[in-house]
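Novice: Build the full structure now, drawing on both the sequences and the hints.
Protein chains: 2
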Amino acid sequence: MTMTTSTDTRARILEAAARVFAEKGYYETRMDDIVAAADSSKGSLYFHFPNKEEIFFGLIETFIGLLEARLNETLSSEQHGMEQMDIALTTSLRLFTQYRAMAKIVLIQAVGLGAAFEQRRRAINDRFVAIIQKRIQKGIRDGSLPPQDAELTARAWVGALNEIVIHWIYTGTPDLETAVPEIKALLARSIGARHEGQ
Amino acid sequence: MTMTTSTDTRARILEAAARVFAEKGYYETRMDDIVAAADSSKGSLYFHFPNKEEIFFGLIETFIGLLEARLNETLSSEQHGMEQMDIALTTSLRLFTQYRAMAKIVLIQAVGLGAAFEQRRRAINDRFVAIIQKRIQKGIRDGSLPPQDAELTARAWVGALNEIVIHWIYTGTPDLETAVPEIKALLARSIGARHEGQ
Chain A
1 MTMTTSTDTR
11 ARILEAAARV
21 FAEKGYYETR
31 MDDIVAAADS
41 SKGSLYFHFP
51 NKEEIFFGLI
61 ETFIGLLEAR
71 LNETLSSEQH
81 GMEQMDIALT
91 TSLRLFTQYR
101 AMAKIVLIQA
111 VGLGAAFEQR
121 RRAINDRFVA
131 IIQKRIQKGI
141 RDGSLPPQDA
151 ELTARAWVGA
161 LNEIVIHWIY
171 TGTPDLETAV
181 PEIKALLARS
191 IGARHEGQ
Chain B
199 MTMTTSTDTR
209 ARILEAAARV
219 FAEKGYYETR
229 MDDIVAAADS
239 SKGSLYFHFP
249 NKEEIFFGLI
259 ETFIGLLEAR
269 LNETLSSEQH
279 GMEQMDIALT
289 TSLRLFTQYR
299 AMAKIVLIQA
309 VGLGAAFEQR
319 RRAINDRFVA
329 IIQKRIQKGI
339 RDGSLPPQDA
349 ELTARAWVGA
359 LNEIVIHWIY
369 TGTPDLETAV
379 PEIKALLARS
389 IGARHEGQ
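In order, the protein sequence lines correspond to chains A and B.
The letter at position 26 of the first sequence is residue 26 when you use my numbering, and the numbering goes up by one with no holes.
For my numbering, count along the second sequence from 1 and bump the result up by 198.
Mixed in with the good hints, there may be bad ones.
As the list claims (entries may be wrong) - Listed below are the simulated DSS-like cross-link pairs for lysine-lysine, each with C-alpha atoms no more than 25 Å apart in a straight line:
| id | chain 1 | residue 1 | chain 2 | residue 2 |
| --- | --- | --- | --- | --- |
| 1 | B | 382 | A | 184 |
| 2 | A | 184 | B | 336 |
| 3 | A | 184 | B | 332 |
| 4 | B | 382 | A | 134 |
| 5 | B | 382 | B | 302 |
What the hints assert, rightly or not - Chain B is nowhere near these chain A residues, computed Cβ spacing over 12 Å in every case:
| id | residue |
| --- | --- |
| 6 | 46 |
| 7 | 69 |
| 8 | 87 |
| 9 | 131 |
| 10 | 137 |
To be verified - FRET-style restraints, in silico, Cβ to Cβ:
| id | chain 1 | residue 1 | chain 2 | residue 2 | range |
| --- | --- | --- | --- | --- | --- |
| 11 | B | 373 | A | 141 | 21 to 31 Å |
| 12 | A | 8 | B | 336 | 53 to 63 Å |
| 13 | B | 225 | A | 177 | 38 to 48 Å |
| 14 | B | 225 | A | 134 | 32 to 42 Å |
| 15 | B | 275 | A | 57 | 43 to 53 Å |
| 16 | B | 225 | A | 11 | 28 to 38 Å |
| 17 | A | 121 | B | 317 | 18 to 28 Å |
| 18 | A | 27 | B | 295 | 33 to 43 Å |
| 19 | B | 237 | A | 134 | 45 to 55 Å |
| 20 | A | 57 | B | 373 | 28 to 38 Å |
| 21 | B | 240 | A | 137 | 55 to 65 Å |
| 22 | A | 142 | B | 392 | 22 to 32 Å |
| 23 | B | 373 | A | 171 | 31 to 41 Å |
Hint data in this document are derived by calculation from the structure and do not stem from the laboratory.
Just so you know, even glycine gets a beta-carbon here, dropped at the ideal spot from N, CA and C.
Specialist: Okay, structure coming up:
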């Protein structure tokens with residue numbers, strides 16, 4: 001019971017913090033703002049998070065964990081390679097659209113946090129590179145993809161998708177869900193996948 | 199004569215600053231360090247640059263300007279599309295290898311400078327997107343490339359190349375010059391170029 005309440009409080013704090021960070025930015029946000037937005041107490045906040053930085057990392061980990069879980073779920077399914085890519089891409093981009101405030105925090109505000117956080121950002125990128133790389137290697141093994149440097153390709157995808165999503169956050173274009181077919185076609189070409197359904 | 203001397207001094211300051219920034223990082227660098235490294239005077243330094251931030255931007259603009267000039271030169275040449283891409287890619291990656299300290303400053307240290315600089319970084323990315331986009335559009339017009347969203351593809355390239363170069367700066371792998379053929383093959387596939395010479 002205490003555990004459940006504690007988990008709920010943590011989730012409520014993170015949810016409130018996402019709103020405050022998205023509105024005020026990381027530097028302008030004070031712990032007191034989060035206490036107020038979470039309808040919590042200072043003691044409870046500090047029990048869960050020793051400082052603002054840890055709340056921020058908590059948020060980023062939550063979002064990244066969600067994205068990663070959805071990707072792994074899709075990619076371990078029995079579907080055909082290109083269908084998997086379609087679903088994985090649609091799911092990921094929808095997650096960004098759905099949690100635009102979080103996406104802004106992860107991809108833009110986090111960039112401004114300096115060298116210490118850069119290492120954590122690199123590690124997150126590497127996790128996604130590994131997921132994509134593994135899937136490409138599977139395709140190479142089963143003959144559905146031509147031989148290629150799977151890590152390089154996977155890294156290129158992570159960079160390309162980051163850039164497209166960051167541009168969307170700043171400008172609102174292209175609309176990510178509308179752009180899915182074009183992005184999918186681009187990625188499919190880049191790995192030399194056969195173009196079913198095009 | 200005075201102009202020449204002034205330009206020389208400015209160049210010497212930038213060169214010294216690149217070494218100091220690369221060694222100590224942006225935040226740890228003091229104007230005095232740059233004065234010492236440039237074998238210059240405080241008065242002369244402040245005559246050219248009002249503050250550390252402007253030296254930093256001066257450096258970034260110098261590097262980006264050089265890269266942009268080389269790209270535009272290559273892309274306005276009479277060579278065949280894929281040959282142009284080959285030269286452009288080799289030239290750009292060699293520039294990073296040659297000026298690794300500068301590359302580190304532009305791509306890594308600059309990331310830590312917060313929201314104000316992010317706008318300048320976005321603008322730089324957009325310049326490269328525009329250069330690539332224009333070239334892809336030309337290929338679509340002359341029929342050497344299939345129809346596609348040239349801006350989306352160009353943005354994906356900028357993101358992909360950034361990510362690959364940043365990874366190289368951190369880890370030293372893959373060696374950029376060795377990786378050129380693989381990167382070129384990946385980019386060529388991504389735009390649906392015919393694979394001459396592969």
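Novice: Looking back at the hints listed earlier, which ones does the structure fail to meet?
Specialist: Violated hints: none at all, because every hint is consistent with the structure.
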